[in-house]
Amino acid sequence: MVKPVLSWGRAQRYDQTVVSLGRFETAFDGNRPLDGPVTFRGMGRSYGDVALNENGTLVQATGPDSVIAFDRETGILRARSGLTLADLHRITIPAGWIVAVTPGTKFVTLGGAVANDVHGKNHHTAGSFGAHVTALMLVRSNGERLLCSPSENADMFALTISGLGLTGYIEWVELQLKRITSSNLHVENRPYADLDEFFSLSEESADWPYTVAWLDCFSPEAALGRGVFSRARYVEHGPLNVKPADKAIKWPLEMPSFLLNRMSISAFNWLYRHRPAATFKGQQDYDPFFYPLDGILDWNKLYGHKGFFQHQSIIPMENGKAGVRELLEAIRREGQGSFLAVLKVHGKELSPGRNTFPYEGVSLALDFANRGRKTVDFLHRLDAIVLAHGGRMYPAKDALMTGETYRKTYPNWEALENARDPMISSSFWRRVTN
Amino acid sequence: MTSSNKTLLVLGATSGLAQAYLRLVSAEGAFGTYVLVARNGETLSTVRDDIAARSGAKVITITADLSDPDKILPVMEDVAKQHAGNIDEGFLAYGVLGDQKDFQDNASHLKDMLDTNFVSAVLWMETLAKVFETQGHGQLVVIGSVAGDRGRQSNYLYGATKAGLERVSEGMSHRFAANKDIAVTLVKPGFMDTPMTDHIAKGGPLWATADAVAQIIRKAVVKKRARIYAPWFWRWILLIIRAVPMPIFHKTKL
Numbered sequence: 001m002v003k004p005v006l007s008w009g010r011a012q013r014y015d016q017t018v019v020s021l022g023r024f025e026t027a028f029d030g031n032r033p034l035d036g037p038v039t040f041r042g043m044g045r046s047y048g049d050v051a052l053n054e055n056g057t058l059v060q061a062t063g064p065d066s067v068i069a070f071d072r073e074t075g076i077l078r079a080r081s082g083l084t085l086a087d088l089h090r091i092t093i094p095a096g097w098i099v100a101v102t103p104g105t106k107f108v109t110l111g112g113a114v115a116n117d118v119h120g121k122n123h124h125t126a127g128s129f130g131a132h133v134t135a136l137m138l139v140r141s142n143g144e145r146l147l148c149s150p151s152e153n154a155d156m157f158a159l160t161i162s163g164l165g166l167t168g169y170i171e172w173v174e175l176q177l178k179r180i181t182s183s184n185l186h187v188e189n190r191p192y193a194d195l196d197e198f199f200s201l202s203e204e205s206a207d208w209p210y211t212v213a214w215l216d217c218f219s220p221e222a223a224l225g226r227g228v229f230s231r232a233r234y235v236e237h238g239p240l241n242v243k244p245a246d247k248a249i250k251w252p253l254e255m256p257s258f259l260l261n262r263m264s265i266s267a268f269n270w271l272y273r274h275r276p277a278a279t280f281k282g283q284q285d286y287d288p289f290f291y292p293l294d295g296i297l298d299w300n301k302l303y304g305h306k307g308f309f310q311h312q313s314i315i316p317m318e319n320g321k322a323g324v325r326e327l328l329e330a331i332r333r334e335g336q337g338s339f340l341a342v343l344k345v346h347g348k349e350l351s352p353g354r355n356t357f358p359y360e361g362v363s364l365a366l367d368f369a370n371r372g373r374k375t376v377d378f379l380h381r382l383d384a385i386v387l388a389h390g391g392r393m394y395p396a397k398d399a400l401m402t403g404e405t406y407r408k409t410y411p412n413w414e415a416l417e418n419a420r421d422p423m424i425s426s427s428f429w430r431r432v433t434n
Numbered sequence: 001m002t003s004s005n006k007t008l009l010v011l012g013a014t015s016g017l018a019q020a021y022l023r024l025v026s027a028e029g030a031f032g033t034y035v036l037v038a039r040n041g042e043t044l045s046t047v048r049d050d051i052a053a054r055s056g057a058k059v060i061t062i063t064a065d066l067s068d069p070d071k072i073l074p075v076m077e078d079v080a081k082q083h084a085g086n087i088d089e090g091f092l093a094y095g096v097l098g099d100q101k102d103f104q105d106n107a108s109h110l111k112d113m114l115d116t117n118f119v120s121a122v123l124w125m126e127t128l129a130k131v132f133e134t135q136g137h138g139q140l141v142v143i144g145s146v147a148g149d150r151g152r153q154s155n156y157l158y159g160a161t162k163a164g165l166e167r168v169s170e171g172m173s174h175r176f177a178a179n180k181d182i183a184v185t186l187v188k189p190g191f192m193d194t195p196m197t198d199h200i201a202k203g204g205p206l207w208a209t210a211d212a213v214a215q216i217i218r219k220a221v222v223k224k225r226a227r228i229y230a231p232w233f234w235r236w237i238l239l240i241i242r243a244v245p246m247p248i249f250h251k252t253k254l
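Residue numbers (UniProt numbering), protein chains in the order written: chain L, 1 to 434; chain U, 1 to 254.
Please note that a few of the clues may not be correct.
Stated by the list, open to error - Using 20 Å as the maximum straight-line C-alpha spacing, the simulated EDC-like pairs for lysine to aspartate or glutamate come out as follows:
{"hint": "1", "chain 1": "U", "residue 1": "K58", "chain 2": "L", "residue 2": "D71"}
{"hint": "2", "chain 1": "U", "residue 1": "K219", "chain 2": "U", "residue 2": "D88"}
{"hint": "3", "chain 1": "U", "residue 1": "K101", "chain 2": "U", "residue 2": "D88"}
{"hint": "4", "chain 1": "U", "residue 1": "K6", "chain 2": "U", "residue 2": "E28"}
{"hint": "5", "chain 1": "U", "residue 1": "K223", "chain 2": "U", "residue 2": "D181"}
{"hint": "6", "chain 1": "U", "residue 1": "K58", "chain 2": "U", "residue 2": "D78"}
{"hint": "7", "chain 1": "L", "residue 1": "K243", "chain 2": "U", "residue 2": "D211"}
{"hint": "8", "chain 1": "U", "residue 1": "K130", "chain 2": "U", "residue 2": "D78"}
{"hint": "9", "chain 1": "U", "residue 1": "K6", "chain 2": "U", "residue 2": "D193"}
{"hint": "10", "chain 1": "L", "residue 1": "K408", "chain 2": "L", "residue 2": "E360"}
{"hint": "11", "chain 1": "L", "residue 1": "K3", "chain 2": "U", "residue 2": "D193"}
{"hint": "12", "chain 1": "U", "residue 1": "K58", "chain 2": "L", "residue 2": "E360"}
{"hint": "13", "chain 1": "L", "residue 1": "K243", "chain 2": "U", "residue 2": "D181"}
Said to hold, decoys possible - Pair by pair, the computed Cβ-Cβ distance ranges are:
{"hint": "14", "chain 1": "L", "residue 1": "E144", "chain 2": "U", "residue 2": "S45", "range": "18 to 26 Å"}
{"hint": "15", "chain 1": "L", "residue 1": "P316", "chain 2": "U", "residue 2": "S3", "range": "50 to 58 Å"}
{"hint": "16", "chain 1": "L", "residue 1": "G22", "chain 2": "U", "residue 2": "P245", "range": "39 to 47 Å"}
{"hint": "17", "chain 1": "L", "residue 1": "L297", "chain 2": "U", "residue 2": "G171", "range": "38 to 46 Å"}
{"hint": "18", "chain 1": "L", "residue 1": "N418", "chain 2": "U", "residue 2": "F233", "range": "48 to 56 Å"}
What the hints assert, rightly or not - One-sided and incomplete, this derived list gives chain U residues near chain L with beta-carbon spacing under 7 Å:
{"hint": "19", "residue": "A27"}
{"hint": "20", "residue": "T43"}
{"hint": "21", "residue": "R235"}
Honestly, the hints are just simulated from the structure, not real lab data.
Beta carbons are placed, not taken as given, at the ideal position from N, Cα and C, and that holds for glycine.
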């Protein structure tokens, strides 16, 4: 069936032939003749085009989601790649296990988490998702099945983790989960005054497993980078509760985009900084802590019909403060603000992924309503600032960086191109390699 | 993890709805033993691993063609031999949808469908009724369909088998009305997004996921309801469809 498919940012809308994998099927098994090149898609939470395939075939791969084995003693779980973190946690949390690394949404598949080598609030202590993958099964279009692990087919393993789904169909993933004795975290939120304070708080909180900051991009010049710093660790004794599946509300419509402007964003930022939770200290359930936006399904429609762009960059530590400052100044000058500006200090990368986005440095994630050419030009200016400070952008969130920028900042891209399955490609890959 | 000592027998365990139901009760820890029967052994072992991992319970599988009446006794003996306990709940989920036009043209396809959906299903129901009677308790869940509510040109042959199951389960509910420990629930799902309907374009408010239907079934089982539409609105849709006078009904293409 040919139909338009949108990126999560909804700024890209491409016609593609959509086919779905049934619950027990594997791709490339001979029973399924696929017109290449194909792109495999999970929950479609990538903001840009890494899981889009304009005018090509999109294989919806969420069907196969069965658990193959779960050892409640060791916390090793092996499951088909379509399993989402939300479903995984319903199985593992009651047994005292949680994924060691989670992105900001639980609606991602294991396959997508591996392909984008996602990271979370504990990057400085746990690295990216791939650091906890113990093995995976890669199915190539020639019928080859490659068991990949740190010791077996290690090159392919390292290229598949952060390989953007290009090396083959990821049939199953095996993970080492993290032991928890409660699903509650002890959380401390505190407003901070400027970038200097953010960096000193990050340093002081290095032994907190989870740290992140939300920042106000319309702060006055003197308070540039001010926001709310949040740090957390699991409590030792408490309940092991899982969020039920049916508790989220659904955002019903595309919001008129004129509602998002400097005034409304400033008002939101003021409220966010001054809400009682901004100084919250106490226990919080893992779900609202890790997945604040998952409470509203389809929140991406908040940005109206034209959608929005995400921009997440990481800048090496030595240039971190200067780079973030310059980015924030550019945003102030432009007057294009972002509700969800997130700042985080990252540690050494522990994942074997060869094209993994984070490294030791500071990352800034922003989103901007799509106002056409103006926004595109502005984001390219942000890219240039990132580049000038030796940083790079995150493919899972990117829709706009040039091929030159990508190839320069991901020097291992050629190894990925060489390992790419000839039957697989994506809109993103064609964009950055042409 | 579960401390339950109850047993669930699922006939047609690889169907989309059966799996959704199995995952739901696994998460609840409702059963300590699962006996899963299906025709495709490879798929069945995938389901076994999945349910074993999710429930932490004992999972027994039996590969058998459920539509074959001669297989019922051997399978039941196999269940008794491998498990040797009570069957607290039976879930009958197998069936084929097929194509009305094909059934009109091909008598042998039609017979196979009637045998699978009706003849063997009734034999299984009676077998389980006897087991429940002997052990003094048990619950049976049978998947019917809204298609059984009125004969329509687009699928009355399939619909007839589901209507037949409804009569059998209705009679069985009557038969066990005096026994509070034995219950039969007939479920009538509407449009459901499962592999059975993969050839149909889906979407729109009438389509329900297998997970949603499984939750409705679970509630009905706990309440020992004799008959339930899933989701509820089908009850009213079918009430209208049944009420349309024949001269008008015959002008439609339903």
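How the hints compare with the structure:
no., hint, verdict
1, U/K58 - L/D71, "holds (14 Å)"
2, U/K219 - U/D88, "holds (16 Å)"
3, U/K101 - U/D88, "violated (40 Å)"
4, U/K6 - U/E28, "holds (12 Å)"
5, U/K223 - U/D181, "holds (12 Å)"
6, U/K58 - U/D78, "holds (16 Å)"
7, L/K243 - U/D211, "holds (16 Å)"
8, U/K130 - U/D78, "holds (16 Å)"
9, U/K6 - U/D193, "violated (29 Å)"
10, L/K408 - L/E360, "holds (18 Å)"
11, L/K3 - U/D193, "holds (19 Å)"
12, U/K58 - L/E360, "violated (46 Å)"
13, L/K243 - U/D181, "violated (33 Å)"
14, L/E144 - U/S45: 18 to 26 Å, "holds (23 Å)"
15, L/P316 - U/S3: 50 to 58 Å, "holds (53 Å)"
16, L/G22 - U/P245: 39 to 47 Å, "holds (42 Å)"
17, L/L297 - U/G171: 38 to 46 Å, "holds (44 Å)"
18, L/N418 - U/F233: 48 to 56 Å, "holds (55 Å)"
19, A27, "holds (6 Å)"
20, T43, "holds (5 Å)"
21, R235, "violated (21 Å)"
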